[in-house]
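Asker: Residues per chain are reported as follows:
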Amino acid sequence: MDRPVFWPHFSSPVRSTALTARLGRLIGIAIGICFLTGLLSHYQYGPWRWLPEPASPAWGYRLTQGVHVATGMAAIPLVLIKLWSVYPNLFRWPPARSVKHAVERGTVGLLVAATLVQLVTGFANALNWYPFRWDFVPVHWALAWVVAGSVLLHIGVKLPDIVYGLQTRVADGDVLSEIPWNENPVSHSNAGQVPPPATPALSRRDVLTVTGLGLGAVVITTVGQTVKPLEPLGLLAIRQPHRGPQGVPVNRTAEQAQVLTIARDPAWRLLVRGPRPYELSLGQIEARVEHQAWLPIACVEGWSALAHWRGLRLVDLVERAGGNADSVVRVRSLEPAGFNTSEIFGPQLSAALLATHLNGARLDIDHGYPLRLIAPNRAGVLNTKWLSSIEVVS
Amino acid sequence: MKTWRIVLGVLGVSAVAFGTVELITGVPLPSLLRVAVWLAAAVIIHDAIWSPGLIGAGALLSRVPARGRRYLQGGLIVAGALTVIAVPMIYLRGQQPPGKAILLQDVGANLALLIVIVAAVSGAAYGWRVVSDRGRRGAPDVPADPGSGPEPVDPEPARTR
Chain A
1 MDRPVFWPHF SSPVRSTALT ARLGRLIGIA IGICFLTGLL SHYQYGPWRW LPEPASPAWG
61 YRLTQGVHVA TGMAAIPLVL IKLWSVYPNL FRWPPARSVK HAVERGTVGL LVAATLVQLV
121 TGFANALNWY PFRWDFVPVH WALAWVVAGS VLLHIGVKLP DIVYGLQTRV ADGDVLSEIP
181 WNENPVSHSN AGQVPPPATP ALSRRDVLTV TGLGLGAVVI TTVGQTVKPL EPLGLLAIRQ
241 PHRGPQGVPV NRTAEQAQVL TIARDPAWRL LVRGPRPYEL SLGQIEARVE HQAWLPIACV
301 EGWSALAHWR GLRLVDLVER AGGNADSVVR VRSLEPAGFN TSEIFGPQLS AALLATHLNG
361 ARLDIDHGYP LRLIAPNRAG VLNTKWLSSI EVVS
Chain B
1 MKTWRIVLGV LGVSAVAFGT VELITGVPLP SLLRVAVWLA AAVIIHDAIW SPGLIGAGAL
61 LSRVPARGRR YLQGGLIVAG ALTVIAVPMI YLRGQQPPGK AILLQDVGAN LALLIVIVAA
121 VSGAAYGWRV VSDRGRRGAP DVPADPGSGP EPVDPEPART R
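Chains as they are written, first to last, in my numbering: chain A, 1 to 394; chain B, 1 to 161.
Hints listed in this document are in silico derivations from the structure and should not be mistaken for laboratory results.
Careful, some of the hints might be misleading.
Unchecked claim - Okay, the calculated bits of chain A under chain B, using three or more residues with CB under 8 Å as the criterion:
1. 128–135
2. 214–223
3. 329–343
Stated by the list, open to error - SDA-like cross-link-like pairs, simulated, lysine to any residue; straight-line CA separation at most 25 Å:
4. A:LYS228 with A:ALA30
5. A:LYS100 with B:TRP4
6. B:LYS2 with A:GLU183
7. A:LYS228 with B:ARG93
8. A:LYS100 with B:LYS2
9. A:LYS100 with B:ARG93
10. B:LYS2 with A:GLN167
11. A:LYS100 with B:ALA36
12. A:LYS100 with B:VAL43
13. B:LYS2 with A:LYS228
14. A:LYS100 with B:PHE18
Quick reminder that beta carbons are idealized off the backbone N, C-alpha and C, glycines included.
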């Protein structure tokens, strides 16, 4: 069946299965990294009681979530380059040869759609920008499985092309057009000893080189939001950690949390619930500050900052209330709505501080004055601020 | 290879199915419809607007002689990668409380600086190529690249097939 005359024909000699296979390997690795680090981040929100989050390394979440966001951002230009390389495939004729072929093309459509939406909304979330009107976390979670599954399926479907592409030198190999490489009579691979197609301007090797340079430039200019030594190079960094109060950014200000007044109330008291409940006044808390730690605060949105914290050991207060280091403890915020509570148990409970001081000064109101939780290897959103009570749950 | 393809296919379909169930059970219907609209819009915007735009830009670039075009294309790809990331930041600048330390930078100016750097590096690489071509050929006015003439434009109309 011949193509209609109006049907687009591509003759770009730069596009090649050999090139696409290499770009595809790169985006596959990037999506794999995002998926695995994403699973780790998701687990932070609801760990099983029998498998608590570890407390060390303290920088664990800082690393995995920093990698998650940096990789996801770099994947945006990468996926655009990868899709550029296969655009002629959209114009295969006939559009579907069989039901099986139609299904295969449908799964590619799903892969493209889910990947683009996942990357764009993930980036938007890191920008604190919500043009999408849905709850980010459940959709990002579900789409992650759709993307990862579509990638695996795509690798399975395209495996012969991938093997051919990766085994061929990038300058050799077919010219990718709207005709499949293994049916293309002028394709190098099918025509025996044919000289590599001429690419007078940008070569295929050049595409890989500038892709690497472009992604490198994106990473170096953005990753300063979590890698301190690169902060001066962070011309496109979403956050500049040193510009936050006390040298640490916040994700939710006291004003946004509607605690400006109640958090400053001198009559504030911390309620400690458990078998032997009690209360501590502001003065009693401040008189007990005797522990300190260097701990990073690492946000799900990809920024982080190492900081010096002083305060009380959470487990000391828990023991006085009749609990112990094996207890499950729930902390609550003064914040009336939103993410205002979290559970802590296992190694993180033993290592947790109730912080009163940050980088040598009393906590800023935006950092959770009068008292906040800080624990190692723990997502920032779970380090509850403006504490009102702690409760020994079990 | 066949075993691998089956294993990958089964794993892939299972993960897609799990994700779909999570989506349907975890997200209320109005949000679900919005997600569906976004999924469709992503493909349409990419395939019908972005990619034809790229091809049009490529067709314009094809007028540039090949030796220089190589460096122009390379520079544009690097600059494009940076621009894609920067544009939403330019749009969103200064909309959040300053304590969040978010989007405080003049990203527009920073992006301009980065593009100047990319242009300078591409230009320097091109200059190096011109000089080394002259040195190799010993004849300054002869074009180094015999393939620098007009080439097929992408896409070109169907001809023989």
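Asker: Now tell me if each hint is right for this structure.
Answerer: Hint check results:
Evaluation of the coverage hint for the segment 128–135 of chain A: fulfilled, as 6 residues show C-beta separations to chain B shorter than 8 Å, against a requirement of three. For the segment 214–223 of chain A, the proposed coverage by chain B is satisfied: 6 residues have a C-beta within less than 8 Å of a C-beta in that chain, meeting the threshold of three. Under a criterion of three residues with beta carbons nearer than 8 Å to beta carbons of chain B, the stated coverage of the segment 329–343 of chain A fails, only 0 such residues being counted. Proximity of LYS228 (chain A) to ALA30 (chain A) is assessed by CA-CA distance (about 23 Å); at most 25 Å being required, the pair is judged to hold.
Distance hint between LYS100 (chain A) and TRP4 (chain B) is fulfilled; the C-alpha atoms sit about 19 Å from each other, no more than 25 Å. With a C-alpha separation of about 21 Å, the suggested pair LYS2 (chain B) and GLU183 (chain A) falls inside the 25 Å cut-off, and the hint holds. Taking the CA atoms of LYS228 (chain A) and ARG93 (chain B), the gap is near 22 Å; set against the 25 Å cutoff, the hint holds. This hinted pair checks out: LYS100 (chain A) and LYS2 (chain B) have alpha carbons roughly 17 Å apart, not beyond 25 Å.
Between LYS100 (chain A) and ARG93 (chain B) the CA atoms are separated by roughly 48 Å; this puts the pair beyond 25 Å, and the hint is violated. Of the pairs offered as hints, the one joining LYS2 (chain B) and GLN167 (chain A) holds, with about 18 Å between alpha carbons and a cut-off of 25 Å not exceeded. For the given pair, LYS100 (chain A) sits about 24 Å from ALA36 (chain B) by alpha-carbon distance, which is consistent with the 25 Å threshold. Restraint check for LYS100 (chain A) and VAL43 (chain B): satisfied, since their Cα atoms lie roughly 21 Å apart, inside the 25 Å limit.
A threshold of 25 Å between alpha carbons decides the hint, and for LYS2 (chain B) with LYS228 (chain A) the separation of about 47 Å lies outside it, so the pair is violated. Distance hint between LYS100 (chain A) and PHE18 (chain B) is fulfilled; the C-alpha atoms sit about 22 Å from each other, no more than 25 Å.
This entry does not satisfy hints 3, 9 and 13, going by the numbered hints stated previously.
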